[in-house]
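Chemist: Position chain B against the provided structure of chain A, taking the given hints into account.
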Amino acid sequence: MLKRKTLTAAAALCAAALTLTACGSDDTSGSGDKTDPAANVQSEQKKGGALLDKPFAKPDLTLTDTKGKEYDLIEETKGSPTLLFFGYTHCPDVCPLTMSNIAIAKSKLSKAEQEKLRVVFVTSDPERDTPKRLGKWLRMQDTSFIGLTGDFDTIQAGARSVGVHIEPSYEKKNGDVVSTHGAQVLAFSPKSDEGYVLYTERTSTAKILEKELPAIVKGETP
Amino acid sequence: MNRRRTALPAASLALAGMFALGACGSDSDSDSGSDAKAAPALKAHGAYVPQPVMADMAGAFLVIENSGGKADKLTSVTSDLTDEVQLHKTVDQQMQRVKSMPVPADGSLDFARGGNHLMLVDLHRKPVKGDKVSLELHFEKSDAIKLSVPVKATNHTPEK
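As you go down the protein sequences, you meet chains A and B in turn.
First residue of the first sequence: 1, per the working numbering; consecutive thereafter.
First residue of the second sequence: 1, per the working numbering; consecutive thereafter.
If we strip away everything but chain A, and leave its shape as in the complex, we get (with noise of 0.2 Å):
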């Protein structure tokens, strides 16, 4: 049923190196005096989304959604304006954060914005992550969001394509299974269809988002 299409992998450089602030600030033991790298990096960018020189091409997915139904990501989406983040349900901190975010940012939009906006999150644990737990966990945020689950390697494709960097999930020997989230929510424009706008861990807030949203939606810059 799935679809799969060889992906170019090129394009992971720019936002590899984004994921990467997560990590490296290991160092806060320390005593009085810190200079906190992380607040130098983020006070020489403008506190919000960052607008890409070299905008993305929609990731030619086509997945299961929560339904159960066959779901093309360019298609089903074109012209609208989408946000598109990976993670995965089993993930108590970023995940409910990132798209609890999105949903009270949405939420203080138009009505007609609201029906414009299509928001979706693509699993990164598809094995766990079936369409059925999709969707309950997403309906618990909004009901509007799309859940696509479906085969990892195409799904890795896909997001590497947008410079989101996954690993498929594995079983530790203590029988935990580690999964990864996309660090990044990317913002599509309605009128090109690129990802032109993307948002970091840090700047993925419902704030942040509530202001520019109502940019994206339209298309423009926030």
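No lab work stands behind these hints: they were computed from the structure.
Some clues are possibly wrong.
[What the hints assert, rightly or not] Capping the alpha-carbon separation at 30 Å, the derived lysine-lysine pairs in BS3-like fashion look like this:
1. Lys132/B <-> Lys108/A
2. Lys207/A <-> Lys146/B
3. Lys173/A <-> Lys73/B
4. Lys132/A <-> Lys126/B
5. Lys132/A <-> Lys129/B
6. Lys111/A <-> Lys207/A
7. Lys73/B <-> Lys146/B
8. Lys152/B <-> Lys47/A
Modeler: What follows is chain B alone, placed relative to chain A:
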């Protein structure tokens, strides 16, 4: 000899810590200090549980500060909400369970968004915003710390 209390700029440290942490946790330095007589002096604050999406798991966040000159270790956490609380650190968007976490001398162990978190699994009930959840922190050296932790909105993130 008495416990040595080093005056730390508590608030700013905690906040900066939470922010800087964003990441992999301060698992590097455990037993520092040749100061053998000093003891850890622990205090926990800023704890919250974001309202979980479903009852199968919840996260919890807090800061454990150690103003003593000796490191300690968080070895386990118990709660009325579940029989199982795991300690997790996040590395490259993956969470890894660990058996214990160091609370460095004159430092802090931070559980914050995007970094370390407590993961509560198979909840007895789904807590909602406004509820209280009990957490009991157990350490290698120090006495346990009991907390009554507020449940906040799913997207709650403390102000910087």
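Chemist: Holds or violated: lysine 111/A and lysine 207/A, Cα atoms, limit 30 Å.
Modeler: holds (19 Å)
Chemist: Is the hinted pair lysine 173/A and lysine 73/B satisfied, with a Cα-Cα distance of at most 30 Å?
Modeler: Given that 30 Å is the threshold and the Cα spacing comes to 23 Å, the pair holds.
Chemist: Quickly compare the C-alpha distance for lysine 132/B and lysine 108/A to 30 Å and report which way the hint goes.
Modeler: Holds. Lysine 132/B to lysine 108/A sits at ~29 Å (cutoff 30 Å).
Chemist: For the pair supplied as a hint, lysine 132/A and lysine 129/B, confirm whether the alpha-carbon distance does not exceed 30 Å.
Modeler: holds (25 Å)
Chemist: Decide if the proposed pair is consistent with the structure: lysine 132/A and lysine 126/B, CA atoms, cutoff 30 Å inclusive.
Modeler: holds (19 Å)
Chemist: Check the hint pairing lysine 152/B with lysine 47/A against an upper bound of 30 Å on the C-alpha distance.
Modeler: holds (25 Å)
Chemist: Does the alpha-carbon distance linking lysine 207/A and lysine 146/B stay inside the 30 Å limit?
Modeler: violated (33 Å)
Chemist: Does lysine 146/B lie within 30 Å of lysine 73/B when you go C-alpha to C-alpha?
Modeler: holds (16 Å)
Hint 2 from the list above is the single one not met by this structure.
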